[in-house]
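Novice: Sequence:
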Amino acid sequence: MARFSTRWQIVGALFAMMMFSSGLGFYNQSVLLEALTRERGFSVSAASLASTVFFATSGFAGLAVASVIERIDARWSVAAGVAVCAVALVAIGRVEETLHVYAAFVLFGVGFSATNMLTASTLVTRWFARRRAFALSIVFTGLSAGGILVAPFAAWAVAEHGLRRGCEILAATYVVGILPLALWRLLPRPRDARDTVGEFDDGEDPGVDAREAFRSRYFAGIAATFFFGLMAQVGGIAHQFRLVSVHEPGAASLAVSILAAASVVGRLGSGALLERLPYRGFSLVLLVLQGFTLGILGSTTSTAGLLLASGAFGLTIGSFLMMQPLLLAEAFGTRSYARIYSVSTLCASVGVALGPLLLGWAHDLAGGYRGAYALGAVMSWLGCVALWGAGKGYVRRTQ
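In case it helps, my numbering puts the sequence shown at residues -10 to 388.
The set of hints was computed from the structure by calculation and includes no laboratory data. Be aware that one or more of the hints could be misleading.
[What the hints assert, rightly or not] Quick list of the computed label-pair ranges, beta carbon to beta carbon:
| hint | residue 1 | residue 2 | range |
| --- | --- | --- | --- |
| 1 | Arg174 | Val79 | 18 to 28 angstroms |
| 2 | Arg154 | Ala355 | 38 to 48 angstroms |
| 3 | Phe142 | Trp377 | 24 to 34 angstroms |
| 4 | Val165 | Ser37 | 28 to 38 angstroms |
| 5 | Glu23 | Glu86 | 16 to 26 angstroms |
| 6 | Arg200 | Arg154 | 42 to 52 angstroms |
| 7 | Arg60 | Phe142 | 27 to 37 angstroms |
| 8 | Trp145 | Pro169 | 21 to 31 angstroms |
| 9 | Thr290 | Leu262 | 27 to 37 angstroms |
| 10 | Arg178 | Val245 | 35 to 45 angstroms |
| 11 | Ser37 | His150 | 36 to 46 angstroms |
| 12 | Glu59 | Ser242 | 18 to 28 angstroms |
| 13 | Arg200 | Thr41 | 27 to 37 angstroms |
Computed from a predicted structure; not experimentally measured. Backbone N, C-alpha and C fix where the C-beta goes; we use that ideal spot for every residue, glycine too.
Using the sequences and the hints given, assemble the complete structure.
Specialist: What follows is the structure in structure tokens.
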């Protein structure tokens, strides 16, 4: 029983890692941007570029992190990432020059890449097969928990104590929130057959080499799927508040809250369903539904319609993000998973960066959000076409 429970203790430790790294990294960007402009006098454009530098750096750094965690104990890469993030946060609190801002955010992006989805999905993939989807749904719910619980604390710390002292508090929180659990429980791989009882079949193929995966049509299809799918998703999320505000300003905050809550429900619900459903088919349905919900969001004008469409969109958000690691692990196994996932994520991050820009451009061109969200729907359906075109050559059931 103790051996079995080790897997779920790892899930708990990964949940905490995702919660603190997302709350202090991903969701904290707007807090840091506001403080840098207000306290240090940086322009909005200069401070905004720092966030772009952070996300771009984390994407490219993931390639190196993937190579590291395939060779050494993941606990040490997480520990190094935590240390780098702590140093970066302290540095952000002290910056006075624009170049120093970007240097600190480069450092922050490097550390963040070692303490977020890449490490989390790699460890879940190594420890789970039959219940991988459910375990991953719990771990990825840490993303939402970070936005709900940790990000408000970060905003309070910086507002109450100022940028310098506030960032020192956030650095300490990053260390205390992640490091003890990571060192105690993030075991890099199952130690023997007893650790995998009930999860992996005896003699299961560990998977393919990364080079073989990169040459396959299936990998190209997955990369294109999440390029288009996340482009649509992040673009829709970025403009949702303003879209609702145009029709009913008082309902905008409620719509965002409904979307966030629905994403948690969707993620946990799909985690249970995917123990019995094929990953590829489920992803195709999600992309079709995401397209329809985006189209409805852009075309409806009633308060009830906007809130219902926001909830439906949120359900697809919660499910779709975790399908990328599930599809890759199912197809290519655990052998080179970290490298395969890091490259796929880098491709998807380009779509993430373009989504808000393209929907904003479409809004200005069409003179409203109907055309912009119609473009988002088309992006989702292009992702569906890409996944369908990838074929089934590498699909294998691991549950």
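Novice: Hint by hint, note whether the structure agrees.
Specialist: Against the structure, the hints come out as follows:
no.	hint	in the structure
1	Arg174 x Val79: 18 to 28 angstroms	holds (27 angstroms)
2	Arg154 x Ala355: 38 to 48 angstroms	holds (46 angstroms)
3	Phe142 x Trp377: 24 to 34 angstroms	violated (43 angstroms)
4	Val165 x Ser37: 28 to 38 angstroms	holds (30 angstroms)
5	Glu23 x Glu86: 16 to 26 angstroms	holds (19 angstroms)
6	Arg200 x Arg154: 42 to 52 angstroms	holds (49 angstroms)
7	Arg60 x Phe142: 27 to 37 angstroms	holds (35 angstroms)
8	Trp145 x Pro169: 21 to 31 angstroms	holds (23 angstroms)
9	Thr290 x Leu262: 27 to 37 angstroms	holds (33 angstroms)
10	Arg178 x Val245: 35 to 45 angstroms	holds (40 angstroms)
11	Ser37 x His150: 36 to 46 angstroms	violated (24 angstroms)
12	Glu59 x Ser242: 18 to 28 angstroms	violated (43 angstroms)
13	Arg200 x Thr41: 27 to 37 angstroms	holds (31 angstroms)
When held up to the earlier numbered hints, the structure conflicts with 3, 11 and 12 and fits the remainder.
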